[in-house]
Amino acid sequence: MAKLNLNREPMPLQEPEVRAKNFDEVALGYGAKIARAEASRCIQCPKRPCIEGCPVGIDIPDFIKAIADGDMPEAARVLKNKNSLPGVCGRVCPQETQCESKCTLGKRGAPIAIGRLERYVADWDRTKNKKPAESPAESVKPTGKRVAVVGSGPAGLTVAADLAKLGHSVTMFEALHVAGGVLVYGIPAFRMPKDIVQAEVDYVTSLGVELKLDSVIGKIDTVDELLESGYDAVFLGTGAGLPMFMNIPGENLNGVYSANEFLTRVNLMKAYKFPEYDTVAKIGKRVAVIGGGNVAMDSARCSLRLGADEVYIVYRRSEAELPARREEVENAMEEGIIFKLLTNPTRFIGNERGWVTAMECIEMELGEPDDSGRRRPIPKPGSEFIMDVDTVVVALGTTPNPLITSTTEGLDVTSRGTVVIDPETGKTSKDGVWAGGDIATGSATVISAMGAGKRASKAIDEYLRSK
Amino acid sequence: MYKILLKENLVPNVHLLKIEAPAISRRAQPGHFVMLRVDENGERIPMTIADWDAEEGSITIVFVQVGTSTSKLASLKTGDSISNLVGPLGIPTTIEKVGTVVCIGGCYGIASIMPIARAMKEAGNKVISIIEARSRNLIYWEDKLRSVSDELVVITGDDVQAEGEWVTEKIEKMVAAGEKIDMVIAIGCTFMMMRTSGATKPFGIKTIVHLSPIMVDGTGMCGCCRVSVGGETRFACVHGPEFDGHQVDWDLLIARQSAYLGEEMQSLQVWECQDWQKP
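As you go down the protein sequences, you meet chains A and B in turn. Using this note's numbering, read the first sequence as starting at 1 and increasing by one per residue. Using this note's numbering, read the second sequence as starting at 468 and increasing by one per residue.
Bound conformation, chain B alone:
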């Protein structure tokens, strides 16, 4: 069992868990993920590590409550435990000095991008962070991101209605204004990462995306997480999850991510109607 040291509801539907994990915290690097299982009946799900503290022996994850597993997780309190936690998994982000790096985070990715922005800044890059959410009240960690960035741009659906500018338009505008962007890293919903990759491609800006296909074991055994990159099948859990956004077959990724939509709904309904109140 892995103890929850802190549970926090950051904004509506977005939760933070700090979990006791000394071995993982010693090895964690920006871009790593963990696999976890909430309880004995639970699935194994991947979560990007949003922060870690080797001294305390903890890791932090931030997630959006959408299905059964994340609802179970969201129902836990400080002092509760989860059944399993394994990591750090995947190939961490390559941190090096490249010049100007734009770090983009959307929904759960606002947290996931933070350690990457921090490491990129420490490596001597100019870091421009862009965080995006549907609405102003869904933005969190703004101060954290600001403290590790040279510049922070906050984009919300509310503002877009006023000014009509999502991440993609923002990047186009930055380039037009003469900002020399050497690299873009994006974590968040697949649609945002796809649109971002589409926006940077005409300018030839290297764009790294953190894909989140469905995983089962997460350690390179089952092949569920396969994605197509540059026409080649790759396994996100061991070859990624970081890939070149210009090479990713987005349609395939979106189709594979929605493979179990019906069953996910059914599972959530069963849990909500029958199981959530069980001790």
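With the rest of the complex left out, here is chain A:
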């Protein structure tokens, strides 16, 4: 038996000083040789624990074996069998806490780079596969059942693809002018190139899913009207809503953005190409991003690419508690983002024209763990100080959009405004209505929304077949 190789193949990256000035993808992806070498490290252990770690249950060892054997069409087939968005997941899933954390090799050394291999297969399939796998929708008998999917983000795309593959007729409604949800308005192009999102959306529509853009459910039709007009089931995957602020003085000054607004301007509206594109994202010289999640990292790295001199992440806990993926924190640090940890803003200070010029902060220390299990940050009295900033991005999460919940009768919501669901099935309190993703859980990840979509589509299929 070959000796165990405990070191993974590194991911080729754009150099930090180069990438900090462009919106091209940071991680360049494995080439064929590296991918095969990495795949060959997999020992094909009989217990296959990685699959348990995958929210959508991809047969991971099988697609890795196909790569090692050089059978790329087979690798693509296995991957797409369970995952309709592999190009997305291979880039933005937190594999280190999911599949890779379960890898047997991880007990001795570095786990298999499953995410990077997934990306490699997805990219090969998109660009080099001469014989794309036959669309399963063509071989399946139509059931005659109609499903309305509200929202075309990770949850909605998953549900739409799964149900279309099972022969149901699916219409997917999207409020914005492009499909993809957070994949297009939230995650920047240097992490999630938009042509890849578009290719995955095209794959889903190639399965027979009808996509209706510019359609706000709750406004043109309510959920009840969808059910009355012939849809047998409705899935709500409407995602994030109103951005959260801190309710401190000066938050409405010019130059203070929510992360949603800032990222939407930059990513969806392509403000980084202003004035070729009409939308602006005004960036100053000294930028403070409030928060420590992936969205905060994205905002900080966008700010740098738009030409800011100094960009700070201001986070009230310490580095160990940063909720962002480790890889994103490292990328941000390499690019020169400055981390001001154990620091919390207390007010924003503006000039006579209503623009932010500075931010008062207070130093924090960590106390006992709170409900979330993380140590509670406590302000140090008298430690206030002033930071000069001319742009602030508040990245503290969102609350659910009320457009659906306020117009749908019999839909139970929590005090936080999220839709109440059975976590196993995504079933809501209303007959014929399922939900998943941020609308049910509050701000979370792409893959958790896809996992929720997976569970809901299974339950919806069972419901439709018994109806």
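Relax, there's no trap hidden among the hints.
DSSO-like mimics (lysine-lysine), calculated; alpha carbons at most 30 Å apart, straight line: (1) A:LYS273 with B:LYS544; (2) A:LYS427 with A:LYS141; (3) A:LYS21 with A:LYS340; (4) A:LYS380 with A:LYS285; (5) B:LYS470 with A:LYS212; (6) B:LYS470 with A:LYS270; (7) A:LYS47 with A:LYS458; (8) A:LYS82 with A:LYS145; (9) A:LYS270 with A:LYS128; (10) B:LYS474 with A:LYS212; (11) A:LYS270 with A:LYS285; (12) A:LYS65 with A:LYS3; (13) A:LYS458 with A:LYS82; (14) A:LYS273 with B:LYS470; (15) A:LYS3 with A:LYS107; (16) A:LYS270 with B:LYS544; (17) B:LYS544 with A:LYS212; (18) B:LYS588 with B:LYS673; (19) B:LYS470 with A:LYS194.
Derived contacts from chain A toward chain B, CB cut-off under 8 Å, selection only: (20) LEU242; (21) PRO243; (22) ARG353.
No wet-lab data here; the hints were simulated from the structure. Where a beta carbon is used, it is the ideal one built from N, C-alpha and C, also for glycine.
Given the coordinates of chain A, assemble chain B onto it according to the supplied hints.
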């Protein structure tokens, strides 16, 4: 793509577009707005719905040509299309019988106030409409407004020079003359709405204003349109755009509306010098 069924230049710099939008036209109510994007490089901008025809499947918007997006829109002709149109958005005007309602419209708001005046009249109110423009030749839809109002007052800068009476003075005069005003609704430039709210406050007349902060998505996601009302931050796209004029922080609204003045000028210059003649 959404087809333009009719393009009309109402008065200098003010244009009307009737756009094919069956789904929106079925749901439109007075006070609703739409978000639109003219072309692939365009911004998303809000526009109040000025009228709709569910049978024809169309909505009508009226706008003043000021920046890149409105210049692009103004350059379109009947039969052309715009890339995106979504709506109806926002909370529509509450239409109920309250007694005497004064409906005020200035510049683009002359059109936006029309369906509100019409619905208020249908609900059994006495409707006094006041429309305002800088100059006599900028007044449009006078007959339309007259047909849905018990009384129509036209105020223009030309007349003001002669008589010195803008909307604010007009309201004060009406109250002094014993007119019992139960409610005022105003749509138009922020300055006019601010002045109107200031004029009605001493008399305690309920005053509803339709705010037009900058929006990006317009569906309750980005928070760009936040305004301060009664000391609380509200999102105009989903909590409004209709608010109590006596509670609005006007200075904040005006500062936020002018956040991109420089960039808006730059964008317009680029478009005018380079792009407008492109096919």
